[in-house]
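Participant: Let the hints inform the model, and build the full structure from the sequences given.
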Amino acid sequence: MNIHEYQAKQLLAKHGVAVPAGEPCRTVDEARTAAEKLFAAGHTLAVIKSQIHAGGRGKGTFKHGFVGGVKLAHSVEETVHFADNMLGKVLVTKQTGPEGRLVQTILVAAAETIKKEFYLAVLLDRAVSRPLIMASTEGGVEIEEVAARTPGKIVREHVDPAVGLMPYQARKIASALGLKGDLFNQACKLITGVYKTWWESDASLVEINPLCIVAGPGGKEALVAVDAKVALDDNALFRHADILAMRDLAEESPLEVEASKFALNYIKLEGNIACLVNGAGLAMSTMDIIQHFGGDPANFLDVGGGASKEQVAAAFKIILSDPGVKAILVNIFGGIMDCNVIATGIVEAVRETGLKLPLVVRLEGNNVAAGKKTLAESGLTIIGGDSMSDAAQKVVKALKAA
Amino acid sequence: MAILVTPETKVLIQGITGAFGARHASLSLAYGTRVVAGVTPGKGGQLFENKIPIFDTVAEAVKQTGATASAVFVPPPFAADAILEGADAGLELVVAITEGIPVNDMVRVKRALQGRTTRLIGPNCPGIVTPGTGPQSSGGCRIGIAPGYIHRQGHVGVVSRSGTLTYEAVWQLTCRGVGQSTCVGIGGDPVNGTSHLDVVKLFMADPETHGIILIGEIGGAAEEEAAEWIARYGTKPVAGFIAGATAPPGRRMGHAGAIVSGGKGTAQAKIEAFRKAGIGVATTPSEMADTLLRMM
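Chains A and B supply the protein sequences, listed in that same order.
FYI, the working numbering numbers position 81 of the first sequence as 81, with every residue one higher than the one before it.
FYI, the working numbering numbers position 235 of the second sequence as 235, with every residue one higher than the one before it.
Certain hints may be false.
[What the hints assert, rightly or not] The calculated label-pair distances, taken between Cβ atoms and stated as ranges, are:
{"hint": "1", "chain 1": "A", "residue 1": "386", "chain 2": "B", "residue 2": "51", "range": "39 to 47 Å"}
{"hint": "2", "chain 1": "B", "residue 1": "262", "chain 2": "A", "residue 2": "254", "range": "23 to 31 Å"}
{"hint": "3", "chain 1": "A", "residue 1": "148", "chain 2": "B", "residue 2": "176", "range": "40 to 48 Å"}
{"hint": "4", "chain 1": "A", "residue 1": "84", "chain 2": "B", "residue 2": "23", "range": "53 to 61 Å"}
{"hint": "5", "chain 1": "A", "residue 1": "352", "chain 2": "B", "residue 2": "112", "range": "46 to 54 Å"}
[Unchecked claim] Sample of chain B residues lacking proximity to chain A, with all beta carbon distances greater than 12 Å (derived):
{"hint": "6", "residue": "36"}
{"hint": "7", "residue": "47"}
{"hint": "8", "residue": "49"}
{"hint": "9", "residue": "63"}
Simulated from the structure, these hints should not be mistaken for laboratory data.
We treat Cβ as the ideally placed atom computed from N, Cα and C, and that holds for glycine.
Facilitator: The structure is reproduced here in structure tokens:
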């Protein structure tokens with residue numbers, strides 16, 4: 001699960017990480033009040049940030065023509081002007097796709113003078129099954145870019161999960177970033193807080209980019225998490241009711257949300273051949289084989305190992321809600337589950353939805369003969385596939401003929 | 001011989017009274033696997049199917065029955081505890097079937113297993129099958145949720161992160177009259193107990209295994225690690241398949257570990273590593289068995 005930047009900063013602040021003063025605002029009035037507070041406190045510049053789960057906000061454009069999903073405001077009036085142009089408007093960035101995302105919340109925060117930018121992240125290093133802290137003096141740039149161009153500038157520190165992050169490790173990182181004096185001490189505290197946020201929230205990623213040395217009111221230098229991204233381990237949400245409450249369904253594809261209600265794993269893609277498969281590996285390779293034979297998969301859909309008739313019915317409805325779908329491939333390896341149950345589910349779903357699109361079904365496994373008989377005797381136009389290759393070729397051909 | 005388990009292996013089921021555990025305990029018994037005990041805290045003293053004793057703790061089950069391997073079917077919040085309980089009781093093998101265990105729980109489990117002799121397979125995996133010689137391969141050792149009847153006793157080793165793709169490969173082999181020594185599902189999570197490489201090494205050392213099918217998918221670098229080792233030390237033909245060439249970057253494809261992030265873990269990179277290592281690459285999943293058989 002992903003959360004908004006303002007929510008990520010709330011989590012970080014809870015664990016002692018310094019973030020710029022600011023507030024999430026859902027209305028222009030709230031934005032005005034938040035800006036008034038900031039300017040009254042002596043800040044001279046505010047940053048107004050659209051809250052969507054996609055990168056590239058600063059360089060994005062709103063559908064009504066307003067340019068920039070992140071703006072700097074010198075006054076309350078300017079803040080109000082920006083808020084008015086962001087809230088309730090659709091922002092298109094390089095990561096949102098052409099449909100863009102509706103901005104329902106903006107973050108109004110103090111924009112302090114940035115002296116230097118760093119990168120700091122905590123993630124799982126799968127190669128050693130341990131948490132990894134990554135830091136770099138090259139802040140504000142994507143870490144993959146730094147890794148490709150100047151790999152020597154990335155500091156890596158693994159954490160032993162048996163003892164957790166030790167203070168000396170935070171000191172090593174702070175020192176490697178070239179920080180001295182009070183900033184060194186601030187960095188140690190901040191790194192510890194960022195790690196704690198990762199571990200205690202069961203995050204899959206906490207990324208601070210940029211982490212900045214800023215000159216606050218009065219010129220005092222401080223280390224602050226200017227931007228933050230937190231992604232969470234879905235499997236651990238059962239023990240974090242507070243974080244689960246941060247889920248923003250508006251940020252998720254409506255079809256994917258609907259699918260999750262039936263314990264279906266669905267991901268929408270851009271193609272026109274829908275697939276319905278049991279098992280994640282088989283579902284991925286069904287997409288691959290469609291492409292291999294010149295087709296274009298419309299989705300990933302894993303109905304799970306023990307799919308029921310109800311799930312098959314729900315899966316058909318979800319697939320057919322995508323107007324881009326022009327043909328369907330069902331690929332089921334019923335190891336334990338009964339192929340005839342699946343076949344009955346398919347027949348019912350086809351009748352109920354009045355399906356007109358070409359449908360290819362490949363069934364294999366337990367009670368497959370009965371399943372194939374059910375399909376054949378249904379009187380419906382269902383094309384049978386003998387193997388994955390055969391089925392994929394048939395669905396591509398059926399689409400071209402249609 | 002086979003790897004990890006033989007028809008003689010005594011198996012216990014952790015979570016035998018849950019619907020999922022009970023169903024597959026019954027199927028393993030029907031397959032002829034020596035399921036000797038069940039463990040469900042608080043239900044010690046009862047019997048499963050009127051014959052298999054249930055214990056409150058794994059330690060007690062091991063002491064009374066001599067079980068050396070377990071299948072873990074307990075729900076995600078309690079799975080880490082169950083795995084470590086199995087290790088504490090001195091089991092040689094713990095196979096965690098449970099899907100949905102928090103990653104950080106597995107990070108701790110993996111750390112706690114360091115220096116212990118217990119091998120963990122999974123989690124989020126279909127388990128292990130060493131086929132038997134009876135009808136439809138019965139009489140073998142089935143730990144987990146794989147369909148037993150699709151197997152056939154023989155000399156090909158199969159290792160995979162995906163359940164249904166394993167069945168696909170096994171069924172292709174069986175349909176061609178080719179049997180399997182052992183089939184191992186290592187699971188689709190980012191942190192697992194046993195890697196592709198661990199299983200490949202066991203197959204290479206097993207005289208009864210003459211060829212290997214290695215099935216991987218996007219995410220991580222475990223397939224590349226196995227390929228590098230095979231290039232140097234491999235002594236048997238290996239055919240491979242990688243799922244997820246069409247998966248969009250940054251999206252988790254069903255399995256928690258199946259994700260391309262920051263340009264890492266792509267199908268293309270893994271296929272390239274396979275080719276470099278002399279592993280026969282099946283271009284579609286329909287060709288996994290034929291690709292290996294052409295090399296044998």
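Participant: For residue 386 of chain A and residue 51 of chain B, compare the CB-CB distance with the range 39 to 47 Å and indicate the outcome.
Facilitator: Check passed, 42 Å falls within 39 to 47 Å.
Participant: Can you tell me whether the CB distance of residue 262 of chain B to residue 254 of chain A sits inside 23 to 31 Å?
Facilitator: holds (28 Å)
Participant: Mind verifying the non-interface call on residue 47 of chain B? Its CB should be farther than 12 Å from each CB in chain A.
Facilitator: Per Cβ check, residue 47 of chain B is outside 12 Å of chain A; nearest 24 Å; holds.
Participant: If we take the beta carbon of residue 49 of chain B, is the closest beta carbon in chain A still more than 12 Å away?
Facilitator: The claim holds: residue 49 of chain B sits with its nearest Cβ about 18 Å from chain A, beyond 12 Å.
Participant: Look at the Cβ atoms of residue 352 of chain A and residue 112 of chain B and judge whether their distance stays inside 46 to 54 Å.
Facilitator: Because 50 Å falls inside the window, the suggested range holds.
Participant: Quick one: work out the minimum CB distance from residue 63 of chain B to chain A and report holds if it exceeds 12 Å, violated otherwise.
Facilitator: Residue 63 of chain B is indeed farther than 12 Å from all Cβ atoms of chain A, at 28 Å.
Participant: Closest CB-CB distance from residue 36 of chain B to chain A, is it above 12 Å?
Facilitator: Its Cβ never comes within 12 Å of chain A, the nearest being 23 Å, so this holds.
Participant: For the pair residue 148 of chain A and residue 176 of chain B, does the Cβ-Cβ distance stay inside 40 to 48 Å?
Facilitator: holds (45 Å)
Participant: How does the Cβ-Cβ distance of residue 84 of chain A and residue 23 of chain B compare with 53 to 61 Å: does it lie in that range?
Facilitator: Between residue 84 of chain A and residue 23 of chain B, where Cβ atoms are some 59 Å apart, the hint holds.
In this structure, every one of the numbered hints holds.
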